[in-house]
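Student: Sequences are here, hints too, so could you generate the full structure?
2 protein chains.
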Amino acid sequence: MGKPLRLGIAGLGTVGASVVRIVQSNLSSLTLRAGRPVTITAVSARDRKRDRGINVDGFAWYDDPVAMVADPNVDVVIELIGGASGAAEAVVRAALAAGKPVITANKALLARHGVELARLAEAAGLSIGFEAAVAGGIPVIKTLKESLAGNTVTGIVGILNGTCNYILTRMEKEQLSFETCLAEAQRLGYAEADPTFDVGGFDTAHKLAILTSLAFGTEIDADAIYVEGITSISLEDIKAADELGYRIKLLGVARRTDSGIEARVNPAMVPKKSVVAQTSGVLNAVAFDGDALGEVVLVGPGAGGSATASSVIADIVDAARGHRTPVFGLPVNELMLYQKAEIQAHKGGYYVRLSVYDRPGAFAGIAKSMADRDISLESIVQHRRSNDDEAPGHTGAPQPVVLITYATRETEIRAALEAIEAAGHIAEKPTLIRIESL
Amino acid sequence: MGKPLRLGIAGLGTVGASVVRIVQSNLSSLTLRAGRPVTITAVSARDRKRDRGINVDGFAWYDDPVAMVADPNVDVVIELIGGASGAAEAVVRAALAAGKPVITANKALLARHGVELARLAEAAGLSIGFEAAVAGGIPVIKTLKESLAGNTVTGIVGILNGTCNYILTRMEKEQLSFETCLAEAQRLGYAEADPTFDVGGFDTAHKLAILTSLAFGTEIDADAIYVEGITSISLEDIKAADELGYRIKLLGVARRTDSGIEARVNPAMVPKKSVVAQTSGVLNAVAFDGDALGEVVLVGPGAGGSATASSVIADIVDAARGHRTPVFGLPVNELMLYQKAEIQAHKGGYYVRLSVYDRPGAFAGIAKSMADRDISLESIVQHRRSNDDEAPGHTGAPQPVVLITYATRETEIRAALEAIEAAGHIAEKPTLIRIESL
Chain A
1 MGKPLRLGIA GLGTVGASVV RIVQSNLSSL TLRAGRPVTI TAVSARDRKR DRGINVDGFA
61 WYDDPVAMVA DPNVDVVIEL IGGASGAAEA VVRAALAAGK PVITANKALL ARHGVELARL
121 AEAAGLSIGF EAAVAGGIPV IKTLKESLAG NTVTGIVGIL NGTCNYILTR MEKEQLSFET
181 CLAEAQRLGY AEADPTFDVG GFDTAHKLAI LTSLAFGTEI DADAIYVEGI TSISLEDIKA
241 ADELGYRIKL LGVARRTDSG IEARVNPAMV PKKSVVAQTS GVLNAVAFDG DALGEVVLVG
301 PGAGGSATAS SVIADIVDAA RGHRTPVFGL PVNELMLYQK AEIQAHKGGY YVRLSVYDRP
361 GAFAGIAKSM ADRDISLESI VQHRRSNDDE APGHTGAPQP VVLITYATRE TEIRAALEAI
421 EAAGHIAEKP TLIRIESL
Chain B
1 MGKPLRLGIA GLGTVGASVV RIVQSNLSSL TLRAGRPVTI TAVSARDRKR DRGINVDGFA
61 WYDDPVAMVA DPNVDVVIEL IGGASGAAEA VVRAALAAGK PVITANKALL ARHGVELARL
121 AEAAGLSIGF EAAVAGGIPV IKTLKESLAG NTVTGIVGIL NGTCNYILTR MEKEQLSFET
181 CLAEAQRLGY AEADPTFDVG GFDTAHKLAI LTSLAFGTEI DADAIYVEGI TSISLEDIKA
241 ADELGYRIKL LGVARRTDSG IEARVNPAMV PKKSVVAQTS GVLNAVAFDG DALGEVVLVG
301 PGAGGSATAS SVIADIVDAA RGHRTPVFGL PVNELMLYQK AEIQAHKGGY YVRLSVYDRP
361 GAFAGIAKSM ADRDISLESI VQHRRSNDDE APGHTGAPQP VVLITYATRE TEIRAALEAI
421 EAAGHIAEKP TLIRIESL
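Each protein sequence line maps, in turn, to chains A and B.
According to UniProt numbering, numbering within the first sequence proceeds without interruption in unit steps and concludes at 438.
According to UniProt numbering, numbering within the second sequence proceeds without interruption in unit steps and concludes at 438.
If a hint is listed, it holds; no wrong ones were tucked in.
For chains that are exact copies, the list does not tell them apart, and a pair is met inside one copy or across any two.
For lysine-lysine, the following DSSO-like pairs were computed, each having C-alpha atoms within a straight-line distance of at most 30 Å:
id: 1; residue 1: K239; residue 2: K173
id: 2; residue 1: K340; residue 2: K429
id: 3; residue 1: K272; residue 2: K173
id: 4; residue 1: K273; residue 2: K173
id: 5; residue 1: K273; residue 2: K239
id: 6; residue 1: K347; residue 2: K272
id: 7; residue 1: K3; residue 2: K100
id: 8; residue 1: K239; residue 2: K272
id: 9; residue 1: K429; residue 2: K272
Don't read these hints as lab results, they were simulated from the structure.
Tutor: Here you go:
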C-alpha cells in the first residue's frame, strides 16, 4: 500500500460537497481501488459557515483557493469553482506551476484555455483529469481517450445539456410552449434565472469543443462551433416532428467532412426509435462513431452533484494509480489546428416549416424554388388551420406547410428559402431544422 | 518515446485478424496514444496458409501458441483462441509464469478460472486485460473497474448476447416463431449449428459472472448464476408483451439483495420505452446502477471482429502505458466469497400465461390461488381464440389468459401456479416471465 494521496478541493458547491461525502464514506473501498489511501487535507470556498451537509473541521480551510494550492499537504488539486477565468484559472495555473496534478469539472475553462493548460501540464509531466466536465456522470472522456484509442472517430452526436432536454421533453409530452416549460425548469432549479447559456446552446458548445478535440486530435476551438439554441422551437414544430416520426433534440454534432471538421450545436430532428431520441428529461446521451467499433451510445445523468462527483472520483483513482494520458489524448504538439467546415457546407436533410399564403400559385412557386436548386422533397404536410376547416378554395390566409427535404447543401436550402421569401409567398420567417439521421 | 511494446497474438480468427489489421494501419496514431511504438512480433494459429486478409510474413510464426509465449521478442501475450481450458488456458498460464501481461477476449476462461488467474497475475505484478471478453466493443469493463470506482454498484442489467437479441427482435418485428428466426440466424452466421450455448443463456451467464465479480467485489462463480434460455418464448408471449407495453429480452441481471447477490439470466419483460428495450438486433446494452452516479447505460456492438478488436486495442494501449488495476478491480484477497441469493427469493412482478379451460369456476379458482398467497394482479388479458368468436358461454376449450402480477416472491408465484395446475384448471404448463422494471 503506497503513501496516501492527499486532495485539496477548491469549491464546495453541490459537486464539491458530494466529492467530500463520497471520499469520506467510501474510504476503505477507495483505498483498495486506488491502491493507496485517498484523503482530503484541504478545502477552499467563500463562506466557511455555510451548511453544506458535510463536516469540514478536519480539513485545512482556505478562503483563498490559490493559497490552498501551495499547502504542502496537498498532492492533487481539485478545481470545482467554475468559470472560464478568474479564480478557477488561477487555481489550475498555480497547481500546474507547483507540479501538482489537476482534476476539474470546468468545461468553460478547458474550452477557452485547454490547449495552453495542456501544454503546461505536459511540460511538467502532470495530468489534468476532466471526466466531470462533460456529461456529468457519464464516462465520455475515458471512453474517447482510452476505449476508442484504436479507432479513427468519424462522428459524435450528443445531448449534452439537461436543461434543454428537459424543456424539449416537457414541450412534447405536455404539449406546452417553450416559455411555459422554461419557467417550469427555472422553478425546479434546472435552469438559471438568465437561461441564455443553456437554451442558447453555449453550454453544449463548450462541451462539444472538448469532445471534438479528443475525437479528432485537434486543438480546442470553441469559437469555431456553429451555435443555434432552442428558443425558436415552437410547439408546432414539436407536433410536426412527432407526426413525421421524429423528436426534436438540442444536439452537439461533430463530424469529419471533406471540407474540415463540422462542429455545430443545433436543434435537430432525430428518428424516434434512436437511443438519442429516447433520452428524455435531464438525461444526457452521447453517441460515438468509430471506424473499428461502429456506433456506441452512452446514456446517463449529465448533471447533479453526486453523479458529477462520481466522475471526479474516477479521476482521483486514476491519479492515485499514477495513470496518465495526454490531456487531449495526443501530445499537445501533435494536436492539429482546427480545420473548420463552414455551416454553409453542411449536407443533410432539412425540416422546413413555412407559413404560406393560401393563394393560387403559391405552392407551385415554392416547389419551383426548391427544384431550381435540385432540392428533392421527401414529404409535404399541410394541415388547414382548424377555423378554416370548411373553407372552400383559396382563402388567402397563411397556412402552415411542413416540408422534409432529402439531403441537400445548406447553401441551397437557404437560397431556396430566400427566393420563396422574396417572392412573397410566406407570411413569417421560415423555420429550418436540420435532420440528424443517426 | 519509450521502447516498443511487442505483441504476440495467439489465435487469428476474425478478432485476431482485425487486431493485426488495426495495429498495422494505425501505427502512428497508436504510437502517440500509447506513448510508445506498438508492434506485432509473433503470431500463432493452426493453419499458416489460411487466407485471413492479412499478411503474416513479417511475424514470427508459431504452430504452438505456448511456444510463442516464450519468444523473447514478445512483451505482451494476446490470447484469442477461446475456450475455458485447453490451449487458451495453457497460453495464459505460460504468459503469467513468464512474467508477461495478458490480454484476452476469453469470457469462458475467466468465468471458470478467473480468480486463480487473477491471483497468479497479482503475485507476479501483471495485468490481465479483458475488455473484449464482455459486450464486444462496448467499454463495459473499464466503466465498471475505473469510471464507477466511487460508486457502490447496486445492480447490472444487460443484453449480452447478440444472437438471442437478434432472434427476439425478429420474432417481434416479423411475427415469426422462435424456430424460424433461429434458422435464419444460423443461415446468417449469427448462430452456431448447435445454438445451445447462446439460446440456452450460457454465453450470457459467463459474461454476467465477470460483470458480477467486478460490480460487487466478489470471487467469480459462474455456477451460482441461475440460467433460463429463450427456447420456450413463443410468438404468443411476444404479442402479449407488446400489448402490455413490454418487450421480451434475454437479460443478465445481477443485484445486491438482503439475502445475497441475485444473479440470473432469463428472458424478461422490459418496458418498451427503456433504452434496453430499444436495443434491437445483434446490439448489446448494459445498464449499471451506482449509488453516486445513478443509472448509466451503454449500447453498441457486442460482437464482430473489428468491434471486439477495438476493445483489445484499448487494453494494448493501457498495457503500453503501464496502467494496471487489479484484475477484478480489487486485490484478489479482498474479493468476497460469492453469497448467492436463491432464485426462489427473487421478488418482482411476473408475466404469467395460462391455457385455461373455459369452464365455470376456472377463473375464480385461479384468482383464489393467487389471492391465497397475497399475489395482487396488475392486469388480466383474455382474448378468445378467433374461431371461438361467436361462441356464447363456456366452451370447455382451453383459452389463453395472461396475468401481470405486482411484486411478489418467486416462491409464492410458483406455489400458486402449482395449485392452479393441481386443480386441473389449465391445459399446458404455465409460462412464467419475470418483469424487469428498469
